[in-house]
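Listed in order, the protein sequences are those of chains A and B.
Numbering follows this note's numbering, in which position 264 of the first sequence is assigned residue number 1229; successive positions increment by one, without gaps.
Numbering follows this note's numbering, in which position 76 of the second sequence is assigned residue number 544; successive positions increment by one, without gaps.
Simulated from the structure, these hints should not be mistaken for laboratory data.
Honestly, I wouldn't trust all of these hints.
Label pairs and their computed distance ranges (CB to CB) [stated by the list, open to error]: (1) B/632 / A/1001: 16 to 22 Å; (2) A/1191 / B/574: 54 to 60 Å; (3) B/590 / A/997: 18 to 24 Å.
Derived, one-sided and incomplete: chain B residues facing chain A with beta-carbon distance under 7 Å [claimed, not checked]: (4) 596; (5) 624; (6) 628; (7) 633.
Just so we're clear, the structure is a prediction, and the values are computed from it rather than from any experiment.
All C-beta atoms, glycine included, are put in the ideal place defined by N, C-alpha and C.
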Amino acid sequence: MSRDERAEKMPERRRFLIGVVKGIGAAAVGGLVWNGFLDGKKAYPFVLRPPGAVTEEKFLAKCTKCGICVEACPYKALILARPGDERPVGTPYFAMRENPCRMCKDIPCAAACPTGALDLSLVSGKDEQGRTKPDINLARIGLAVIDRETCVAYWGIQCDACYRSCPVMDKAIKVEYLRNERTGKHALLAPIVHSEHCTGCGMCERACVTEKASIFVLPRHIAMGESSARYIKGWDSSDEQRMGELPEETKTITPRSQKNPLDYLNQGGF
Amino acid sequence: MRDMRKYKYMVLRRSSQVSLLFLFIAGNILGWNALRGNLSASIILGKIPLTDPFALLQIFATGNMISAEALEGALIVTVLFGLVCGRAFCSWVCPLNMVTDLANRLREKMKLDAENRNPFLSRKARYWVIGISLVLSFATGVAAFEWISPISMFHRGVIFGMGVGWTAVLAIFLFDLLIARNGFCGHLCPLGGFYSLITRFSLVRVRHYKEKCTQCMKCTDICPERQALPMVGKTSSMVVSGECTNCARCIEVCDDDAMRFGIRYVS
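Let's have the full structure, built from the sequences with the hints guiding it.
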């Protein structure tokens, strides 16, 4: 019996089952490849999102890549990631050195988002009458970070380009007078970023005079550490409430800690 | 005149596709308000929202809720195509249709279909792709098809900048040209599959008149979803399959006036 004849004699049910198995196999292979591709595309942490963006994980899920925020930006500062941009494709981002956020008062990008990937309520506060209204100073696009090794102000050369360009002037970036140890008789006018006021708009990054900006905006989760509740500023009474965040059970079990501390001392362990 | 009529729907379809694309581009570049956004989500005249219902379904699969505005937009699209126009999105709106039509036209000219038309792909593959899209959306937390969709990539690219997205479009073109006839739109595309599923009961349909039919079968030859035309020469009836895209090529090609648009449940 030839191969074709055998195939023809195959019962209908068997043929159906083989079809199903083949389908599942193809789907599994395709799905795995596809899954790998998605995992790779998600792994771009250096993305500066528009004001009002929800957390990056939620943002990636909720953004439909429609570009309405990009069209809403009056300065055309937002870019819709093109394939090859090394950003999750189709999602909006800023390139601060080229075109930073101008911090519009009405936040048109966040207001325009149809899906809630940009949430205007996250960048809204109360005015004097208690009405909710957009407040761009609440935006946390990222955080400006200074490279003191290339910043000419830290060399002792007078430059306050970033300070002058900052829309949250004298709050987000302050200039501190430091002693210039090299000359022993001059001051350094050192710019210092304050994270509680910096919106990450990027105006400083664009204004910076060095070849590659010495002040640049990074996503906050990359630029910032996180303090532990085990360390409290004892001199700041408002900081003490963080002690409540300590877990009840704080004991770390190690081979040494399992023993009674007295035994440890008596055995001459130190 | 007769010749002109042969291309009536083709001209209308291309006008529809090109003018929609133009309005989207004008929305971004000239700031026109007619259509803002792209096919994933858009706003008409700053008032009426439209959302891709399949994209929304994937977002739901990731476990995220979405704004009422986007839901409303998806409802409008679902009602428009699902109850009225049928799967017309694919042949009247989708910009990739122009690319795959060109591929299929060349394929015909080059006589690549002499023997076996669809050697390995099943027409049902698209429904599997829908399933995988939803499972992957759930597993990865991002709308899986939206991240690889060559339709979105092409449409977004034309409006907002293409990057290397043209490679995806080229890939689809070559796939349809060299590997399978109507390979993408008629077999793989989950968006088309999704519209097939929701447009089973839509009103606008092609109707076949058996008494006029001379059984030349030009219609089934040209049809990109020929399984939707099982009644040709056999019974007078509506095309009931959701897989019909209402592209009207069968109407144009018929010399006997045996195909016409009609309204289901009425004519």
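Comparing the hints with the structure gives:
Checked against the hint of 16 to 22 Å, the pair residue 632 of chain B and residue 1001 of chain A passes, with Cβ atoms roughly 19 Å apart. A hinted range of 54 to 60 Å holds for the C-beta pair residue 1191 of chain A and residue 574 of chain B, which are about 58 Å apart. Restraint check, residue 590 of chain B to residue 997 of chain A: a C-beta distance of roughly 20 Å satisfies the suggested window 18 to 24 Å. Nearest Cβ of chain A to the Cβ of residue 596 of chain B: about 5 Å, under the 7 Å cut. The hint holds.
Because the beta carbon of residue 624 of chain B sits about 6 Å from the nearest beta carbon in chain A, less than 7 Å, this interface hint is met. Below 7 Å, beta-carbon pairs count as interface contacts, and residue 628 of chain B has one with chain A at about 4 Å; its hint therefore holds. Checking residue 633 of chain B against chain A by beta carbon gives a least distance of about 4 Å; that is within 7 Å, so the hint holds.
Violated hints for the displayed structure: none, as all numbered hints are satisfied.
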